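Visitor: Sequence:
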Amino acid sequence: MTAEIFDARACTLGEGPLWHPERAQLFWFDILGKTLLSRQGGDVLSWNFDECVSAAGWIDTNTLLMASETGLWQFDLISGERALVAPLEADQPLTRSNDGRADPWGGFWIGTMGFDADRGMGAIYRFYKGELRKLFGNITISNSIAFSPDRRFAYYTDTPTRQIMRVALDADDGWPAGDAEVFVDLKQTKRNPDGSVVDSEGCLWNAQWGAGQVARYAPDGALIEAYDVPAAQATCPAFGGPDLKTVFVTSAAQGRHGAQDGQTFSFAAGVKGQREHRIIL
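The letter at position 89 of the sequence shown is residue 85 when you use this note's numbering, and the numbering goes up by one with no holes.
Treat each hint with caution, since some may be false.
[Unchecked claim] Listed below are the simulated DMTMM-like cross-link pairs for lysine to aspartate or glutamate, each with C-alpha atoms no more than 25 Å apart in a straight line:
1) Lys241 with Glu197
2) Lys183 with Glu127
3) Lys130 with Asp169
4) Lys186 with Asp168
5) Lys241 with Asp224
6) Lys186 with Asp146
7) Lys125 with Asp168
8) Lys30 with Glu85
9) Lys268 with Glu197
10) Lys241 with Glu0
11) Lys30 with Asp56
12) Lys125 with Asp166
13) Lys186 with Asp216
14) Lys125 with Asp181
15) Lys130 with Glu197
16) Lys130 with Glu85
17) Lys268 with Asp216
18) Lys125 with Asp112
19) Lys130 with Asp87
20) Lys268 with Asp3
21) Lys241 with Asp175
22) Lys268 with Asp239
23) Lys268 with Glu0
24) Lys186 with Asp239
25) Lys130 with Glu47
26) Lys125 with Glu197
27) Lys30 with Glu47
28) Lys183 with Asp146
29) Lys186 with Asp224
30) Lys241 with Glu221
31) Lys183 with Asp216
32) Lys268 with Glu221
Quick caveat, the hints were computed from the structure, so don't treat them as lab data. All values reported here derive from a predicted model rather than from experimental measurement.
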């Protein structure tokens, strides 16, 4: 299976791909470039900001909930205007947002980290019904936030640990219900887990920084298959396309000089993804 170039613009740190189901349109970020990117037909689109932006979920057809280094923002795709929904470590100038995704209850999970990946400076939060609550602290590089289709589990990782974690969720409101457990342990292979997404069969697809691949794991954590992408620093996959059977993968050019580093790729998955959940403010 060959990954093709979806967008040739090189991102210093591409991240947070989101397929908007009502717009049938992919959005993604260049975190260090402080830019939101997209394509619409043959047109390339971008929105520039005065701070780092990293992840988003969709509120309605024309509105995203967007995470930045200082807050969660309601962002209007038509006017380009944004309004603050909740501060996010706004009083901590050494951190920024990183990986995030909407959950099945209409909440939004978002991770933070130090600008220099400072040890233990980050955390993972959930925004739900107007409340931003810290779920996990002492995180160095927050990543891999994703949810099982049966609504039973959330996944996340602190990348330097090389372990993808799984935590059970309360069926009524989606808050964690118990302690997290190791789902995939990559210490022996020395793979670095980055962003993830879960398909409709409950399998987790994880981009692995430095390995130039996206790996698919069964619901029991067993490796099923790995898919190569032509950029070493793959950062996050997302399902999209008209049948949700296309995997889009962002990457990072930071510290590298390859011709395709930082570009965004796509390949046919052969399995259907989940429709991204709508955020309810």
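Visitor: All the hints need checking, so say for each whether the structure fits it.
Guide: Right, here's what the structure says about each hint:
Between the alpha carbons of Lys241 and Glu197 the distance comes to roughly 12 Å, so the proposed pair stays at or under 25 Å and holds. At most 25 Å may separate the alpha-carbon atoms for a hinted pair to count; Lys183 and Glu127 exceed this at roughly 35 Å. Between Lys130 and Asp169, the direct Cα distance comes to roughly 16 Å. Compliance with the 25 Å bound is thereby established for this hinted pair. Of the supplied pair hints, the one linking Lys186 and Asp168 is violated, its CA atoms being roughly 37 Å apart against a limit of 25 Å.
This hinted pair checks out: Lys241 and Asp224 have alpha carbons roughly 17 Å apart, not beyond 25 Å. The straight-line distance between the Cα atoms of Lys186 and Asp146 is roughly 30 Å, outside the 25 Å bound, and the hint therefore fails. The suggested pairing of Lys125 with Asp168 holds, with an alpha-carbon distance near 13 Å, which does not exceed 25 Å. For a cut-off of 25 Å, the pair hint linking Lys30 to Glu85 stands: about 17 Å separates their Cα positions.
Between Lys268 and Glu197, the direct Cα distance comes to roughly 8 Å. Compliance with the 25 Å bound is thereby established for this hinted pair. In summary, the hint linking Lys241 to Glu0 is supported, as the alpha carbons are separated by about 14 Å, within the 25 Å threshold. Pair hint Lys30 plus Asp56 holds up; C-alpha atoms about 23 Å apart against a cutoff of 25 Å. For a cut-off of 25 Å, the pair hint linking Lys125 to Asp166 stands: about 15 Å separates their Cα positions.
Straight-line distance between C-alpha atoms of Lys186 and Asp216 comes to about 20 Å, which keeps the hinted pair within the 25 Å bound. For the proposed pair Lys125 and Asp181, the alpha carbon gap of about 33 Å is over 25 Å, so the pair is violated. Pair hint Lys130 plus Glu197 does not hold up; C-alpha atoms about 29 Å apart against a cutoff of 25 Å. Between Lys130 and Glu85, the direct Cα distance comes to roughly 11 Å. Compliance with the 25 Å bound is thereby established for this hinted pair.
Distance check on the hinted pair: Lys268 and Asp216 sit about 19 Å apart at the alpha-carbon level, within 25 Å; holds. Straight-line distance between C-alpha atoms of Lys125 and Asp112 comes to about 32 Å, which puts the hinted pair past the 25 Å bound. Between Lys130 and Asp87, the direct Cα distance comes to roughly 15 Å. Compliance with the 25 Å bound is thereby established for this hinted pair. About 22 Å separates the Cα atoms of Lys268 and Asp3, which keeps this hinted pair within 25 Å; it holds.
Straight-line distance between C-alpha atoms of Lys241 and Asp175 comes to about 33 Å, which puts the hinted pair past the 25 Å bound. A hinted pair counts as satisfied when its Cα atoms are at most 25 Å apart, and Lys268 with Asp239 qualifies at roughly 7 Å. For the hint pairing Lys268 with Glu0, the CA-to-CA distance comes to about 19 Å; that is within 25 Å, so the pair holds. In summary, the hint linking Lys186 to Asp239 is not supported, as the alpha carbons are separated by about 34 Å, beyond the 25 Å threshold.
Straight-line distance between C-alpha atoms of Lys130 and Glu47 comes to about 22 Å, which keeps the hinted pair within the 25 Å bound. This hinted pair does not check out: Lys125 and Glu197 have alpha carbons roughly 29 Å apart, beyond 25 Å. For the hint linking Lys30 to Glu47, the alpha-carbon distance of about 6 Å falls within 25 Å, and the restraint holds. Between Lys183 and Asp146 the CA atoms are separated by roughly 28 Å; this puts the pair beyond 25 Å, and the hint is violated.
A hinted pair counts as satisfied when its Cα atoms are at most 25 Å apart, and Lys186 with Asp224 qualifies at roughly 17 Å. With a C-alpha separation of about 16 Å, the suggested pair Lys241 and Glu221 falls inside the 25 Å cut-off, and the hint holds. As the CA atoms of Lys183 and Asp216 are separated by approximately 18 Å, the hinted pair is consistent with the 25 Å bound. Restraint check for Lys268 and Glu221: the C-alpha separation of about 16 Å stays at or below 25 Å, so the hint holds.
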